[in-house]
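A.B. asks: Per the working numbering, residue 483 is the first one in the sequence shown, and the count goes up by one each step.
Among the hints, a few may not be true.
[As the list claims (entries may be wrong)] Computed list of lysine to any residue pairs in SDA-like fashion (alpha-carbon distance at most 25 angstroms, straight line):
| # | residue 1 | residue 2 |
| --- | --- | --- |
| 1 | Lys541 | Tyr574 |
| 2 | Lys567 | Trp530 |
| 3 | Lys541 | Glu569 |
| 4 | Lys507 | Lys567 |
| 5 | Lys567 | Phe549 |
| 6 | Lys567 | Ile545 |
| 7 | Lys493 | Asn565 |
| 8 | Lys541 | Asn565 |
| 9 | Lys567 | Ala556 |
| 10 | Lys507 | Asn496 |
| 11 | Lys493 | Glu568 |
| 12 | Lys534 | Asp502 |
| 13 | Lys493 | Leu505 |
| 14 | Lys507 | Cys562 |
| 15 | Lys567 | Gln547 |
| 16 | Lys541 | Glu526 |
| 17 | Lys534 | Asn496 |
[Unchecked claim] Using C-beta positions, here's what the derived DEER-type ranges look like:
| # | residue 1 | residue 2 | range |
| --- | --- | --- | --- |
| 18 | Ser544 | Asp494 | 34 to 42 angstroms |
| 19 | Glu553 | Tyr510 | 16 to 24 angstroms |
| 20 | Gly506 | His575 | 23 to 31 angstroms |
| 21 | Lys507 | Tyr574 | 29 to 37 angstroms |
| 22 | Arg535 | Pro497 | 13 to 21 angstroms |
| 23 | Leu516 | Pro554 | 32 to 40 angstroms |
| 24 | Pro497 | Glu568 | 30 to 38 angstroms |
| 25 | Leu563 | Pro515 | 30 to 38 angstroms |
| 26 | Ser564 | Tyr524 | 27 to 35 angstroms |
By construction, these hints were calculated from the structure, which means they are not laboratory data.
All values derive from a computational prediction rather than experimental measurement.
Glycine included, C-beta positions come from ideal geometry on N, C-alpha and C.
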Amino acid sequence: MIQAISSYQLKDINPRIFWDMDLGKLDYDNNAPLIIQRVLEYGELSDWYAIKRHYGLDKIVSISQGFRTLEPEAVAWLCCLSNAKEEDFRCYHIAQLYPTPWNS
Numbered sequence: 483m484i485q486a487i488s489s490y491q492l493k494d495i496n497p498r499i500f501w502d503m504d505l506g507k508l509d510y511d512n513n514a515p516l517i518i519q520r521v522l523e524y525g526e527l528s529d530w531y532a533i534k535r536h537y538g539l540d541k542i543v544s545i546s547q548g549f550r551t552l553e554p555e556a557v558a559w560l561c562c563l564s565n566a567k568e569e570d571f572r573c574y575h576i577a578q579l580y581p582t583p584w585n586s
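Could you put together the complete structure from these sequences and hints?
C.D. replies: Right under this line is the structure:
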């Protein structure tokens with residue numbers, strides 16, 4: 483059953499996303515880039531709603547544009563939801579500089 487979008491909170495994010503750390507020590511404001519990247523790459527839709535409600539779309543996009551690495555699907559998702567272009571993301575330019583030979 484789908485919850486109302488306004489009911490999602492950061493404390494409800496699936497703990498499997500943070501398999502390598504203690505969730506009790508996670509600071510939602512100081513660790514925002516880590517939380518956003520993990521949710522974009524490993525999270526479910528409910529996790530997305532939680533970060534969107536807490537941080538807002540503009541902050542999520544702004545922080546994501548500075549990531550050195552981010553899955554192409556996550557970049558495409560953010561571009562669809564905002565006015566951002568792929569070229570606005572740092573990871574897009576780094577991926578262009580270092581293409582993997584088996585994908586070319």
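A.B. asks: Is the straight-line distance between the alpha-carbon of Lys541 and that of Glu569 25 angstroms or less?
C.D. replies: The hint holds at about 18 angstroms.
A.B. asks: Starting from the range 23 to 31 angstroms, see whether the pair Gly506 and His575 falls in it by beta-carbon distance.
C.D. replies: violated (37 angstroms)
A.B. asks: Given the hint of 30 to 38 angstroms, check if Leu563 and Pro515 actually sit that far apart at their C-beta atoms.
C.D. replies: violated (18 angstroms)
A.B. asks: 16 to 24 angstroms was suggested as the range; check whether the CB atoms of Glu553 and Tyr510 agree with it.
C.D. replies: At 22 angstroms between Cβs, range holds.
A.B. asks: When you check the alpha-carbon spacing of Lys493 and Asn565, does it fall within 25 angstroms?
C.D. replies: violated (29 angstroms)
A.B. asks: Measure nothing beyond the straight line between the CA atoms of Lys507 and Cys562; if it is 25 angstroms or shorter, mark the hint as holding.
C.D. replies: violated (33 angstroms)
A.B. asks: Has the given pair, Lys567 with Ala556, been kept, meaning a C-alpha gap of at most 25 angstroms?
C.D. replies: OK: Lys567 and Ala556 at ~12 angstroms, within 25 angstroms.
A.B. asks: Is Lys541 within 25 angstroms of Asn565, Cα to Cα?
C.D. replies: At roughly 13 angstroms apart (the allowed maximum being 25 angstroms), Asn565 and Lys541 satisfy the hint.
A.B. asks: Starting from Lys541, check that the Cα of Glu526 is at most 25 angstroms away, please.
C.D. replies: holds (19 angstroms)
A.B. asks: Under the criterion that the straight-line Cα-Cα distance not exceed 25 angstroms, is the pair Lys493, Leu505 satisfied?
C.D. replies: holds (9 angstroms)
A.B. asks: Hinted pair, alpha-carbon criterion (25 angstroms max): Lys567, Gln547. Please report holds or violated.
C.D. replies: Answer holds: Lys567 to Gln547 is near 10 angstroms, not above 25 angstroms.
A.B. asks: Just to be careful, I want the Cα atoms of Lys507 and Lys567 compared with a cutoff of 25 angstroms; is the pair within it?
C.D. replies: The hint is violated at about 34 angstroms.
Checked against the numbered hints above, the structure breaks hints 4, 7, 11, 14, 18, 20, 23, 25 and 26 and satisfies the rest.
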